[in-house]
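K.L.:
Sequence:
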Amino acid sequence: MKQNIILIGGGGHCHSVIDVIEQENKYNIIGIVDKKELIGTKVLGYEIIACDDNLEELFKSCQNACITIGQIKTNEVRVKLFDKLKAIGFNLPTIISPLAYVSKHASVDEGTVVMHQALINANASIGKNCIINTKALIEHDCKVKDNCHISTASVLNGGVVVEGNTFFGSNATSKESVNIYGFIKAGSVSK
298 MKQNIILIGG GGHCHSVIDV IEQENKYNII GIVDKKELIG TKVLGYEIIA CDDNLEELFK
358 SCQNACITIG QIKTNEVRVK LFDKLKAIGF NLPTIISPLA YVSKHASVDE GTVVMHQALI
418 NANASIGKNC IINTKALIEH DCKVKDNCHI STASVLNGGV VVEGNTFFGS NATSKESVNI
478 YGFIKAGSVS K
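Take 298 as the starting number for the sequence shown in the numbering used here and just add one per residue.
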């Protein structure tokens, strides 16, 4: 039987996460939390049922939540929400697209979403509250720490360490065994 889940944030990233959750088929989305003025509107057929002020009340009827706000310029909102949801008691499950590949020898921590066609190879570890976006490649022995966004079609080669709170842009590529931190722009090469 599918468990209920609420989504936090109803923008563009939410659209992609809804698709992953529907494909994974483990959770029943009961609604979305967004701005107060948007309550009653719908996102891909799912109603915005509450705003951030209602999280404690929502927890009484649904203990699972997924942060569906993206991260480009800053992850500040995602980090604050993650901490707030954990303090309330929410479970933030790992959401992994069935169209992604995650090695049985890799680990993915709570609150992280792995999008379609992402590849996470052997002995890689992904921290909490990360976005591993569509077609991202995380090679063997990589360590992606908490609150990172590994963006679309980017490549982390073997043994890379991505420090917490890093944004690694679309089509960015790393050399093997380097440390990466901060905002890495789209299409760049980290050496």
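Derived from the structure by calculation, the hints contain no laboratory data.
Glycine included, C-beta positions come from ideal geometry on N, C-alpha and C.
Just to be clear, a hint being listed does not mean it is correct.
[What the hints assert, rightly or not] Capping the alpha-carbon separation at 20 Å, the derived lysine to any residue pairs in SDA-like fashion look like this:
(1) Lys339 to Lys377
(2) Lys333 to Asn351
(3) Lys377 to Lys482
(4) Lys299 to Lys333
(5) Lys432 to Lys377
(6) Lys332 to Gln320
(7) Lys482 to Ala450
[Said to hold, decoys possible] Pair by pair, the computed Cβ-Cβ distance ranges are:
(8) Glu460 to Val374: 16 to 22 Å
(9) Lys383 to Val486: 20 to 26 Å
(10) Lys482 to Lys383: 16 to 22 Å
(11) Ser467 to Lys383: 47 to 53 Å
(12) Asn420 to Ala483: 42 to 48 Å
(13) Ala483 to Lys332: 39 to 45 Å
(14) Asn351 to Asn476: 36 to 42 Å
(15) Lys472 to Phe356: 15 to 21 Å
(16) Ala419 to Gly337: 25 to 31 Å
(17) Val486 to Asn325: 21 to 27 Å
(18) Gly461 to Phe356: 39 to 45 Å
(19) Leu341 to Lys383: 41 to 47 Å
(20) Ala419 to Lys472: 18 to 24 Å
K.L.:
Each hint needs a verdict: does it hold in this structure or not?
P.N.:
How the hints compare with the structure:
1. For the given pair, Lys339 sits about 25 Å from Lys377 by alpha-carbon distance, which is inconsistent with the 20 Å threshold.
2. With a C-alpha separation of about 10 Å, the suggested pair Lys333 and Asn351 falls inside the 20 Å cut-off, and the hint holds.
3. Of the supplied pair hints, the one linking Lys377 and Lys482 is violated, its CA atoms being roughly 24 Å apart against a limit of 20 Å.
4. At roughly 28 Å between alpha-carbon atoms, Lys299 and Lys333 are farther apart than 20 Å, so this suggested pair is violated.
5. About 27 Å separates the Cα atoms of Lys432 and Lys377, which puts this hinted pair outside 20 Å; it is violated.
6. Proximity of Lys332 to Gln320 is assessed by CA-CA distance (about 27 Å); at most 20 Å being required, the pair is judged violated.
7. A distance of roughly 13 Å separates the Cα atoms of Lys482 and Ala450; the hinted pair therefore holds under the 20 Å criterion.
8. Glu460 and Val374 have their C-beta atoms about 19 Å apart, which keeps the hinted 16 to 22 Å range intact.
9. A hinted range of 20 to 26 Å for the beta carbons of Lys383 and Val486 is inconsistent with their spacing of about 36 Å.
10. Hint check: Lys482 to Lys383, Cβ distance near 31 Å, so the stated range 16 to 22 Å is violated.
11. A hinted range of 47 to 53 Å is violated for the C-beta pair Ser467 and Lys383, which are about 29 Å apart.
12. Between Asn420 and Ala483 the beta carbon distance is about 27 Å. The supplied range of 42 to 48 Å is therefore violated.
13. Between Ala483 and Lys332 the beta carbons are some 28 Å apart, a value that contradicts the proposed interval 39 to 45 Å.
14. Remark: the range hint 36 to 42 Å for Asn351 to Asn476 is upheld by a beta-carbon distance near 40 Å.
15. Taken as a hint, the range 15 to 21 Å is violated for the pair Lys472 and Phe356, whose Cβ atoms sit roughly 44 Å apart.
16. Under the hint 25 to 31 Å, the C-beta atoms of Ala419 and Gly337, about 47 Å apart, miss the expected range.
17. For Val486 and Asn325, the Cβ-Cβ distance of about 42 Å falls outside the hinted range of 21 to 27 Å, so the restraint is violated.
18. A C-beta distance of roughly 26 Å is found between Gly461 and Phe356, which places it outside the suggested range of 39 to 45 Å.
19. Range check, Leu341 to Lys383: about 27 Å between beta-carbon atoms, so the 41 to 47 Å window is missed.
20. Checked against the hint of 18 to 24 Å, the C-beta distance between Ala419 and Lys472 comes to roughly 19 Å, which is consistent with it.
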